[in-house]
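Kindly generate the complete structure, drawing on both the sequences and the hints.
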Amino acid sequence: MVITRFAPSPTGYLHIGGLRTALYSYLWSKKNSGDFLLRIEDTDLKRNSKEAADAIENAFAWTGLSHDEKPIYQSTRFDIYKSYIKRLLDEDKAYKCYMSKEELDELRESQRSQKIRPHYDGRYRDFEGEPPSGVEPVIRIKAPIEGEISFDDGIKGEVHFNVKDMLDDFIIARSDGTPTYNFVVAIDDALMKITDVIRGDDHLSNTPKQIVIYEALGIKIPKFYHVPMILNNQGKKLSKRDGALDVMEYKKEGYLPEALLNFLVRLGWSHKDQEIFSIDEMIEFFNPSDINKSASAYNEEKLLWINAQYIKKLSSSRLIEELRFFDLDIKNHPKKDELIDSLRERAKTLKELAKMIRAIVNEPIDYDEKAYKKFIKGDALENLEAFKQALLVHKECKSASEFEALAKKFLEDKGLKLKDLAQPLRIAMVGSAVSPSVFEVLNVIGYNNVIARIGKLLNYKGKNDE
RNA sequence: GACCCCAUCGUCUAGUGGUCAAGGACCCCGCCCUCUCAAGGCGGUAACAGGGGUUCAAAUCCCCUUGGGGUCGCCA
975 MVITRFAPSP TGYLHIGGLR TALYSYLWSK KNSGDFLLRI EDTDLKRNSK EAADAIENAF
1035 AWTGLSHDEK PIYQSTRFDI YKSYIKRLLD EDKAYKCYMS KEELDELRES QRSQKIRPHY
1095 DGRYRDFEGE PPSGVEPVIR IKAPIEGEIS FDDGIKGEVH FNVKDMLDDF IIARSDGTPT
1155 YNFVVAIDDA LMKITDVIRG DDHLSNTPKQ IVIYEALGIK IPKFYHVPMI LNNQGKKLSK
1215 RDGALDVMEY KKEGYLPEAL LNFLVRLGWS HKDQEIFSID EMIEFFNPSD INKSASAYNE
1275 EKLLWINAQY IKKLSSSRLI EELRFFDLDI KNHPKKDELI DSLRERAKTL KELAKMIRAI
1335 VNEPIDYDEK AYKKFIKGDA LENLEAFKQA LLVHKECKSA SEFEALAKKF LEDKGLKLKD
1395 LAQPLRIAMV GSAVSPSVFE VLNVIGYNNV IARIGKLLNY KGKNDE
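Be aware that the first sequence starts at 975, since it is given in the numbering used here, and climbs by one per residue.
Honestly, the hints are just simulated from the structure, not real lab data.
A couple of the hints might just be wrong.
Now the in silico label distances, taken between C-beta atoms and shown as ranges [as the list claims (entries may be wrong)]: (1) Ile1425 / Lys1348: 23 to 31 Å; (2) Asn1032 / His1245: 24 to 32 Å; (3) Gly1151 / Gly1103: 21 to 29 Å; (4) Ile1425 / Asp1220: 43 to 51 Å.
Since the structure is predicted, the reported quantities are computational estimates derived from the model, not experimental observations.
Think of the CB as a built atom: it goes at the ideal place given N, C-alpha and C, for glycine as much as any other residue.
Right under this line is the structure:
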């Protein structure tokens, strides 16, 4: 049984790096028929917001990664943390430090100028005297002074830290009594019975600190997996300028959540030559020990390609449902399935798909100038007029192939080639030289509207010529 | 600055000492298909950071260099 967790601090939106570690955690727990838990790390009351926490939960809801049990908010658990701090104090494993922030800053500054690592010097570690008045103390843990802390990371392998150049008696409770990150992480991971901690490798050097807590409390240390970061195209740390970071931005841009997840799972992990994975396949094949040790760069083109693959495969009904987010409702369109199927192979995003559908469903209000100039010349208008007549004589066409058969016969009679009719007709239908097969377009637009749109183009030319 | 992590095509990756004159995918280019645009099919360009070892044999193991990244908070 593997229990994992995702533990964001609610200072902003859920970003894709976080989503990826959450996905890995999710997959690993599900593969081992365990739980995936969500914990909101809001111990710093000053900078956390309820809105941000809600935003994170909304983003999760969109991706479909559901956490087991209700999320745990650390801000509601201060009593628990206090009891552990008291215990450490009672057991003489932690102590009060009366150094002020100013003094600390000074100490660090002088250490820096001496080119040595900034660290607390332990001056109150064995302090016996009268504490200075007017200073609310912080609580510091008695960390080991020498030796080595090491652990077997599931991704990086054996990692060793020398206590001397790594640790100091770090703060576990602020002067206002609230506990700090490295302390509560260890407590909660233990209390939540987390067996496997999968997180970004920016936490790698926090791990020894957390191990100090585990050991002081006699708690079993979980298995750690430190996942490399995601970089941008230039191999630098991913930032807002590199495009969307907020998971919900991807929704707005027209990405399918399963495509985003598929993209993310392949960033740093692979299974043979497979590129497309359903969630079930991810669960089946995923193992964090297969995650690459090196950082990987974000590649939007690949994401687009994956998204396109999913759009091609998705059911029309689901696609129609997703399109509503882009203010497009074609649920009652008589040819909705044909419409979707003729466009799905052309769209890389839902946003694009919506745009393409609108271009067909709505009568053109204008004609693309270049296309018009290029194709509406010579006998084009006469041919359109004649084709319109042929349509009127033939009466209603009910399928793309019926339109096509009619057109073929028309062209044969007139001694024309398909090219002579297709482009002008396309411009009449959608206003530009780009669309799916004209016959599919005609079918979707429908017999009466086809005739109306041809008429509209015929009139337009008239006005233009004046 | 100290400590830690990392290093295969532009990018995502396969590769765990011989089957690698390095495979797949995205991108790009060419051809085919074709009523336009896509999609699809076929083909192409392109990489083991550098230097030392170990070994009969190294992309794979070791060391150094270089380059990148992370951490050093009363943030998480």
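A quick look at each hint next to the structure:
1. Ile1425 / Lys1348: 23 to 31 Å: holds (24 Å)
2. Asn1032 / His1245: 24 to 32 Å: Hint holds: Cβ distance 30 Å, inside 24 to 32 Å.
3. Gly1151 / Gly1103: 21 to 29 Å: Cβ of Gly1151 to Cβ of Gly1103: about 23 Å, so the range 21 to 29 Å holds.
4. Ile1425 / Asp1220: 43 to 51 Å: With Cβ atoms ~47 Å apart, the hint holds.
Checked against the numbered hints above, the structure breaks none of them.
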